[in-house]
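Novice: Since the structure of chain X is already known, use the hints to place chain P on it.
There are 2 protein chains.
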Amino acid sequence: METLSTSRAYGGTQGVYRHASEATGTDMIFSVFVPPHEKGQTLPVLWYLSGLTCTHANVTDKGEYRRSCAEAGIVFVAPDTSPRGEGVPDDPAGAYDFGQGAGFYLDATEAPFATNYRMWRYVTEELPMSVGAAFPVDMARQGITGHSMGGHGALTIGLTLPDRFRSISAFAPIVAPSQVPWGQKALGGYLGEDRAAWRRHDAVALIEDGARVAELLVDQGDADQFLAEQLRPELLQDACAEAAIDLTLRIQPGYDHSYHFISTFMADHVRWHAERLRR
Amino acid sequence: METLSTSRAYGGTQGVYRHASEATGTDMIFSVFVPPHEKGQTLPVLWYLSGLTCTHANVTDKGEYRRSCAEAGIVFVAPDTSPRGEGVPDDPAGAYDFGQGAGFYLDATEAPFATNYRMWRYVTEELPMSVGAAFPVDMARQGITGHSMGGHGALTIGLTLPDRFRSISAFAPIVAPSQVPWGQKALGGYLGEDRAAWRRHDAVALIEDGARVAELLVDQGDADQFLAEQLRPELLQDACAEAAIDLTLRIQPGYDHSYHFISTFMADHVRWHAERLRR
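Going line by line, the protein sequences match chains X and P. Note that numbering that gives the first Met the number 0 numbers the first sequence so that position 160 is 159, with each residue one more than the last. Note that numbering that gives the first Met the number 0 numbers the second sequence so that position 129 is 128, with each residue one more than the last.
Just chain X, same shape as in the assembly:
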């Protein structure tokens, strides 16, 4: 693991790191904020999965998570959203919603994507191994969150691994990719046209198929340009009601899909996770 940069921030350290990923066959960059802590102490960790077109840098620059993570004593990790590089296949038309910057947190099975697009394995296995080995984290206390495509990732990963993640939240998530254009393009392109294979990567379908967690926190702006066509939080609301999952869905008036929305409510999410990640 190579350190690309570190800076003191809010009494802790914001770093950016690169490592060679076996899962994706590429170098991957991620950021980690370690808050101030006692020597030898280990801390809960909050994973943040980013949205379409993003790298680790968007939330690291604009997410405004460091103050609340410093106050709560939470390590914050932000991976990239896909493999990248010249040899990595991309959207044939160069679209922003598939290929590089749009990995959808799954392991692709379709050629030519299956070789590199293994973000599920990367985010759930390889990166946690690297972070656990190099940073003062208590892997018994993990939470997960994300934005938009990363909200989809947080929900599907959290619902699939409920014993690992004590707390799951999302900002403006894609809750039912099988039912919306972004998701249909991605799931079809990465997993093929057999829709049975899509259900493990669709939060609403996972819940319909029996996945259970105690509670979820979701914030959604009502001025979000993607709300009606791509995000559709009412589908998650219905599935959670049916499954007796305690969903707190907060519709935030006037907020859009940008990091101004995320940063405004970031501290609420960090504190919500922190309460659930105490020993």
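Derived by calculation from the structure, the hints in this document are not laboratory data. Here a beta-carbon is modelled for each residue, glycine too, at the ideal position from N, C-alpha and C. Don't take each hint at face value.
To spell it out: a stretch of chain P is covered by chain X in this simulated footprint if at least three of its residues, at any positions, have a beta carbon under 8 angstroms from a beta carbon of chain X; those stretches are [stated by the list, open to error]:
no., region
1, 2-9
2, 63-73
3, 260-273
Specialist: Coordinates of chain P only, in the frame set by chain X:
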């Protein structure tokens, strides 16, 4: 004035705007955060001047000022650091520390810079007229701050116009440009080799020449790579001691010159200004 973008943030509105500047002869972009407020209410305004290579966007993305400005009821304005565009003369060698992105908040007198590089007039006259006309600001309650080259701007403008600015602070400012390489290059290039003309754009020289304010707040990281050669806060400390100006100079251990330093201490500065800008 053209609105380039607005987003709801922390209950207020973060906007980015463009207008044609008579001072610089170019279009200029700036950002304004207006916190939540009652209809008809006017609010104090804090001007933030950015450092070398920056535009309005750096602090808007990474400054983390919105939460504290929303809490304190402060409008936050971030101008660009120079005129820009194809017809605007630049550093002959393309260096980062002169020309576009490096206006040093003065009105150039040397050819070919004198036509466009009129950032003093832009920041002290033209932009305040535009902001005062378009936003709910109380121009009787203004504070000014900035980073590095923008800290130089905040100090020189604040010391020159003490009746306008009730509060002046800076992050890692260039306090004595006449005595350091960045400043000598800029003042020589924009104002010529007569060093008498430089003194109005040098905070330490201004104080030596009789400029007086009650107090100043300066934060400076001790891991700042530019500290010893370019910033030299001890020169400001000496000048303030001699002039009986109450300087609070906080040396912050481990902090560098980046926005991680600025964002960590931004809330302190916003609150400090807010206390001094109450009616």
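Novice: To test your reading of the hints: which numbers does this structure violate?
Specialist: none
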